[in-house]
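Chemist: Going left to right, the sequence shown walks through residues 0 to 128 as numbering that gives the first Met the number 0 numbers them.
It cannot be assumed that every hint is accurate.
In silico DSBU-like links for lysine-lysine, alpha-carbon gap of 30 angstroms or less [what the hints assert, rightly or not]:
(1) Lys122 x Lys110
(2) Lys110 x Lys120
(3) Lys120 x Lys73
(4) Lys122 x Lys9
(5) Lys73 x Lys110
(6) Lys120 x Lys9
(7) Lys73 x Lys9
(8) Lys110 x Lys9
(9) Lys73 x Lys122
Since the hints were derived computationally from the structure, they do not count as laboratory data.
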Amino acid sequence: MNEPATEVSKILLVEDEAFVRDVACEILAEEGYEVLSARTGAEALSLFHQSGPIQLLVTDMVMPGMNGLDLADKLTSLCPGLKTLYMSGYNEDFGDHPVPLKNKDLPFLQKPFTAEALSTKVKEVLSLT
């Protein structure tokens, strides 16, 4: 386990698959982050309003109801300094779920991922200015 940061970053993790959400939360908590989790975009918005500011949104791209890009847009409008890490198990074209990520330079993590890959990517995104 790595040493936690002196200032604990609060992460909102949004993932509709319970197993992936639980494992990712455990990995991030072991790294010293405060982790809030939600299953849907609507649940994430509600949790955001209840919990106060967060430093990082880690969100699945394809979820029922609201995709990760739309969720990030809504949360960023409420918290302009918010950083976002997108993740997906779909390949580049997201199958039957068109999400315009190809032409954007967005932080992205392909699922399935290792604990090390998630930890490294989160640290990388949090360090962006």
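Chemist: Now, for every hint given, state plainly whether the structure supports it.
Modeler: Hints and how they fare:
{"no.": "1", "hint": "Lys122 x Lys110", "verdict": "17 angstroms, holds"}
{"no.": "2", "hint": "Lys110 x Lys120", "verdict": "12 angstroms, holds"}
{"no.": "3", "hint": "Lys120 x Lys73", "verdict": "22 angstroms, holds"}
{"no.": "4", "hint": "Lys122 x Lys9", "verdict": "12 angstroms, holds"}
{"no.": "5", "hint": "Lys73 x Lys110", "verdict": "24 angstroms, holds"}
{"no.": "6", "hint": "Lys120 x Lys9", "verdict": "15 angstroms, holds"}
{"no.": "7", "hint": "Lys73 x Lys9", "verdict": "18 angstroms, holds"}
{"no.": "8", "hint": "Lys110 x Lys9", "verdict": "22 angstroms, holds"}
{"no.": "9", "hint": "Lys73 x Lys122", "verdict": "23 angstroms, holds"}
This entry satisfies every hint, going by the numbered hints stated previously.
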